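Okay, here's what each chain looks like letter by letter:
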Amino acid sequence: MAVESLISVVLALVLAPLFLGVINRVKAIFAGRTGQPLLQTYYDLAKLLRKGAVYSRTTTWVFRAGPTVALAATLAALVVMPLGGTPALVSFPGDLVLFAYLLGLGRFFTVVAALDTGSSFEGMGASREVQFAAVAEPALLLGLAALAVRTHSLSLSGIFAGPAGSVTLQAWIQMGPIVLLVGGAFLIVFLAENARIPVDDPNTHLELTMIHEVMVLDHSGPDFAFIQYGGALKHWVLGALVVGCLLPVHPASALWAPAVSVAEMLTLAVVVGIIESVMARLRLVSVPHLLAGALTLSVVALVLVIY
Amino acid sequence: MDAGLLIWFQVVVPVLVGAACLLMQSPRTVLASVAGGSVVMAASAAGAAWAVHALGPIHAVGEWFLLDALSAYHLVLLEIVFCLSSFYAWRYFGHEQEAGHFDLRIARRFGALWFGAAASMTLVLVSNNLGILWVSVEATTLLTAFLICLHVTPSSLEAMWKYLIMCSVGVAFAFIGTLLVGASAGPARLSGSDALLWTRLSAAAGNLDPTLLKMGFIFLLVGYGTKAGLAPMHGWLPDAHSQAPAPVSAVFSGFLLNSALYCIMRYVPIVESGTGHVGWALDILTVFGLVSILIAAGFIVFQRDAKRLLAYSSVEHMGIIALGLGLGGFGTFAAMFHAANHSICKSVGFFSAGRLGQMYGTHDITKMKGVLRTAPVWGGGFFVSLLALIGVAPFAIFMSEFQILRTALDTGSIVALVLFLAGTSIVFVGALRHAVSVAWEPPDVHIEPEHAGVLDYVLVVLPLAALLALGLYLPDFVSGTFAQAARVIGGAP
Amino acid sequence: MLLCLFAAGVLVLSGLAALVTSGKPRLSVVVGSTGAGVGCVLAIIPAVRTLVLGGTETLRGAWNMPWGSFYLELDGLSAFFLVVICLVSGVASVYGAGYLAAWRGRKALGPVCFFYNVLVASMMTVVLARNGLLFLVAWEVMSLSSFFLVTFESERPGVREAGWTYLVATHLGTAFLLALFALLGQGAGSLDFDNFATFGKSAPHLAGLAFILAVVGFGTKAGFIPLHVWLPEAHPAAPSHVSAVMSGVMIKTGIYGLIRFILFLGPPPMWWGVALVAIGLTSGVLGVLFALAQHDLKRLLAYHSVENIGIITLGLGVGVIGISGGSATIAVLGFAGALLHVLNHALFKGLLFLGTGSVLHATHTGEIDHLGGLLRRMPWTGMTFLVGCVAIVGLPPLNGFVSEFLIYFGAFKGVGTSGPLTVVACLGVIGGLALIGGLAAACFAKAFGIVFLGEPRSVHAQEARESRHLGMLSAMVILAVACVLFGLLGPLTVAGATPAIARAAGLDGATTAAALAPAVTSLSGVILVAGILLIAAGSLLLLRFLLLKGRTVTEAGTWDCGYARPTVRMQYTASSFAQPLTTLFRMFLRTHRTIHMPDELFPKEAAVSTETPDAFRRKVYQPVFRFVLTQLERVRQIQHGHLQLYVLYIAVALLILLLWKMR
Amino acid sequence: MNAWTDAIVVLVALTNLALLGSSRLSVCIRVVAIQGIFFGLAAVLLRAEPLTMDLGLVALASVVMKGIVFPALLLRTARNVNIRREVEPFVGFTTSLFIGLGLLGIALWIGSQLPSAANPTGSLVIPLALFTVMVGLFTIASRKKAISQVLGYLTMENGIFAFGVTVVGGIPVLVELGVLMDVFVAVFVMCIATWHISREFDHIDVDQLNALKG
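Listed in order, the protein sequences are those of chains D, V, G and E.
For reference, each letter of the first sequence is one residue, going 1 to 307 in this note's numbering.
For reference, each letter of the second sequence is one residue, going 1001 to 1493 in this note's numbering.
For reference, each letter of the third sequence is one residue, going 2001 to 2663 in this note's numbering.
For reference, each letter of the fourth sequence is one residue, going 3001 to 3214 in this note's numbering.
Hints were generated in silico from the structure; no laboratory data involved.
All values reported here derive from a predicted model rather than from experimental measurement.
The reader is advised that the hints may include incorrect statements.
Claimed, not checked - Partial pick of chain V residues on the chain E-facing surface, computed with a CB cut under 8 Å:
1) 1068
2) 1129
3) 1131
4) 1132
5) 1139
6) 1155
7) 1169
8) 1182
9) 1193
Virtual Cβ for every residue (Gly too), placed ideally from N, Cα, C.
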């Protein structure tokens, strides 16, 4: 395994919270506010890690295990995710399936943990989460399938960092439309999975339309820290997919790869910030339509790939 | 000794016992002698069958009597059913006597007619002269008629009258058929009594007048078919079976129908070789078989009376046997196999239905419920025999039906195959619904649990076990018997 | 092989013994389940040996039945299914010993033990038989014995109906099999499978017909939609350990038959594979959708059996496509996925049904909306059930993922090939698997979350206690452990299944192993990542432990968003949890919703209830049955009791015959 | 083929029509009896070969049975069950007559179709026999009273008897007697059954015996 991949992973682990900071800062600028400090997420995490915890009497070990498993799953997903045009730490044919299912694992435990509280709010959030995920997952996998066919590789690293045929700037020129479509699909999936506008609003609290936030109402202390950090990391991991398609920069020398990846991610953060500033959150009923749109993009991409 | 005596013995014993029954002084003795006599008959029949197996066909009175593989097989079948039914009658009328419905007059009449019927059925099987064959078939009708209304009730009288008229008329047609077949012997230079001897006819089958032969066969098929309960001439059958006392229904369904089919079987080879082996007669049989299966299916689905249900299932199974005969070749073997299975299984069915009827005081399926709990033995018998009748493996009926089905496909008669499957499936669906509710639904009224004796167990378990065994293992001598019988009809297994 | 026979003998004899000793329930149950366990252990030995060492054992005996012969053979495929059968049936019988105790004194337990053992024995015979007649008899005995097991609690109203539906369905399926066997053995002297094997060459024009017959006949047993109607009826009716065997193992005999008979029909054309994929998609997606809409735990699991059969069929489809496309890799991957999923589904579905059994045992209700909070009260059942849920959703690192991964792998390879039909089919597989995965996750989040988490919604759940019976607990634990192991030892499982895969794909062992090699390496990659996952989880737990050490960890009520008096009734229920998805897919589900709106000034009560009956049962089968009934009703008119007309029938019959035949 | 037979044949035709046309039961009974006698004689006259001992025996027996015994039995039963005298047909008498004529036509047509082997003498007897059978059948199907159905059955038997005598040269005497015996028993049984029916239902209208159906 290459050292630069390791560096990129480490950078990802370190800088993931910054991603949220950037988004918030961009939104603040658009809103003409000063906004919270760029490192606010770090402060939150530090504070939470220093706290004790309060648990509902209803809950069981499942509630306590949920955040840990979710974070662990995200970490594992990060391991197979190529960053900055360099192969991932671990890569093998078919790891894209594993990637998708690892995210599924994290989601499953988050949902179950939410149901453990017996609160109707968290039940509601859980129910919505699984609903949207059920539609998002085919979009993700079919998009990956399109890329896999186009690049004749069954591994994420082969697709985004492989030697030949993989998504690079040069290749982008040839297979532009496909990558554009898949990238669009991934962007939607990214927004949905990370509970961003227009699917969900991470800043609102206790609003009936929330999905992700409402699931973690009862968590506190280190557990909540895990959740926050896991969320940030999930941004980074899924973000890597998006930029892998839309900004497939492959540095001349692999040593630049970590820097490139960070730069790409921060760009994505800015874009997300802009999206959040200029768009309103969709009505819940129309969220599935948005995700179906992502699915359509993937399918169209596939059609283009095959013919 | 002369093997012909065996035949005489077959006919004479029942006549004597029947006559003796008229002189007996108590119902008990009548029932006992019924059971005893049946055992004697069974024994002698076994002896006769063995003799045929060893020495080949037996003749008596010149050529007027003949006992070959086919008739020997049917003789054994008759005796099995008759023996079982006689012992069952012992139990059944025993219960009735306790209830006070079975006095000496009825007992004597029963004994006499019972053995009279046995004698006439035996005569059907052993007579080589087609005229005598017809005479004895008609005799079975007349002798069994009063068995139906052993207890005179309006409905039993109605059933009996329908049985009497329909079978007499039908069998009259059969006589016309017999005459025509006899007439067709003209070109064959068969004169006088030879013209009606089966052996002579089948020997000279090649040069009989085909037109007369065909016409004769049609009359015969319709005539004897009426007696065999083939649709659409089956009108009398459900009434008679449902109104007769259970032992009588068992014999009706278990052998009376087969004896009529036996008569048809006798003619099949003659007609086939007379018409040049183009399957002319077989086609008709196939059609009758399929029609019977489908029509019976319709009635089974909606049936509410347990014994009528069994009766219609008899129509169905007669149809299946006819279908097997009609397919020819291996189908004939399968038909023989199926006839045995059906007779055994249907006897148990009627036994159980009758006994349950006595316990519940009705044969209405919607009232006869939860039998497995109230009457484990007879209820179990009814349930299992019903399952076996609708062709559930591993009972033998499944095997014979599969054999017929495969023959249908091998002979390329796909239509027959499809209709056969459809009909049996409908029967399965309909009958199973009844079976499940009868077996398990909680009964509406309280029923005194039965106290089953050893005889009850034997009567239920023995035949069903035999059926199961035949379904799993067909001993050589059994299949050999079927095969020889089939060969007489011209089917080659 | 003789050991297998011996095992079958043990099963049957112990069953009979249980039947005889029915008077003493305790004894008969012990005898029966011990016999079952011993039989399964005995039979699994030769099976495993065959899988490891390869080779086939044959046993030919005469059977006095036309076309019949007592011809058994233990090849890779049979051995694989034999392992599945013995594993689950054995464990389930141990469980059953405890589960049946509840009926002691109320019901005769001899018969249920007898039929259970006969069922296991007949399943063994089905996978070993190499003669058509023997196969059919075993097949029917299997159906019959399971029918009697389904109707065990015959006093419960729904059960009789269920039993009827089941036996009718399976018998109609058998009707197609009869036709199929007659067709394959056409003209042959005996119905040995050896004669069938030449069918593809001798009558290629009939192969398509035979394929359809096989799909319908075996599909009824396997539960392909729309032939699945008996499944959601029969599984809830049967005692739980029986449901475990039926759903986990018995329906797989249908899959076995399908694989076995496709081999007889010569080289498969492409459309067979596509058809199988289509069937798999329908069964998978609709199955999981209907499961999502159920709120009876056992019905839900039953529909998930339909879904998983769908997944297996997707694998078969990929395999067949691979064969007809001439690509060994795709074929091998498809069959490997299918076969492994057969094994895995047997494990986790058995586990889930056993868990459900414990829930029923403790609460006497399978109504999800009446349960809740059972994890605290039944920790073992809860934990094992969770394992089952994660496994059936196909999440890494448990066994469900391994088989689905293989199918994905094959499908991705298929997409890579040329040939539009193949590509489209494989894309269908990928998308379908993804959708099924998402929906299944939703469904089991609901099942586990509502049943085991939160607060109890009824007094039954309130008073639930874990069963003391060691057999029940150990059975669940064994299966749970198996789920984890088969997940972590994916490559080994694949290696073990290689003979079966080779047999199914009609290739030799070496080719198969070679074709499987990349997948196996990938699986080891998966294991690596799984290791990382576990390490990460472990270290995070440690971290969490260290952080929380010495800090104040307090307990409080769930955050109630300012409600004055939150009650347990306010919790999300199964129905409300699934509502968004059921509305999303309402066009398939057609859920009935009955609402009592609160009215008047001071509304007393309001209620909403939803139920999702089987669409095919209502929309397809009932109309057909009604039609047939009306037609038959017409036939009945001929029997109206008038003698004169009966006589006329005779004359008419005569006339028709004369006109027909005397021309 | 001589004048005698033609005369008989015509008379038989008339008896059949009379059976269809007459409304009084006693008349019908007698008509059938006469018909039986005619056929008995025909059996003697029709033969080409000289009159043998056993043929004569058969003819005599049948004449006695059908001419004397059966009518006696039936009349007695009719008295016992003291029914109203009318025959009560489903089909009116005139209609029955016309149908009868139609049947006659059909019978003649069939007779002409028969191959020579069936009808060596080529006489009118065969069509007439068939005609009689049909009439018998028609009577059974169209009359309500049990007794008239017995009559129908007898008529059929008459026809069949004639048919047999003509078609098959020399049916063995034993068979003939057996048949006759059967017919006798049948009539006897039917009469008893009729008596039972009248006692149970106090009518013998067969069309009301339709409790068993389906």
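*Interface hint for residue 1131 of chain V, Cβ within 8 Å of any Cβ on chain E*: 3 Å, holds
*Holds or violated: is there a CB of chain E closer than 8 Å to the CB of residue 1132 of chain V?*
Given a least distance of 6 Å, the restraint on residue 1132 of chain V holds.
*Once the shortest beta carbon distance from residue 1139 of chain V to chain E is found, is it less than 8 Å?*
6 Å, holds
*Under 8 Å, Cβ to Cβ, is where residue 1182 of chain V needs to be relative to chain E, so tell me if that hint holds or is violated.*
4 Å, holds
*Does residue 1193 of chain V meet its interface restraint, that is, does its C-beta lie within less than 8 Å of any C-beta in chain E?*
Status holds, d = 4 Å.
*Any CB of chain E closer than 8 Å to the CB of residue 1129 of chain V?*
Since chain E brings a Cβ to about 7 Å from residue 1129 of chain V, closer than 8 Å, the hint holds.
*With chain E as the partner, please determine if residue 1068 of chain V meets the hint condition of a C-beta pair closer than 8 Å.*
21 Å, violated
_Please check whether residue 1155 of chain V passes as an interface residue: C-beta within 8 Å of a C-beta belonging to chain E._
6 Å, holds
*With 8 Å as the cut and Cβ atoms as the points, is residue 1169 of chain V at the interface with chain E?*
6 Å, holds
The structure fails to meet hint 1 from the earlier list, while all remaining hints are met.
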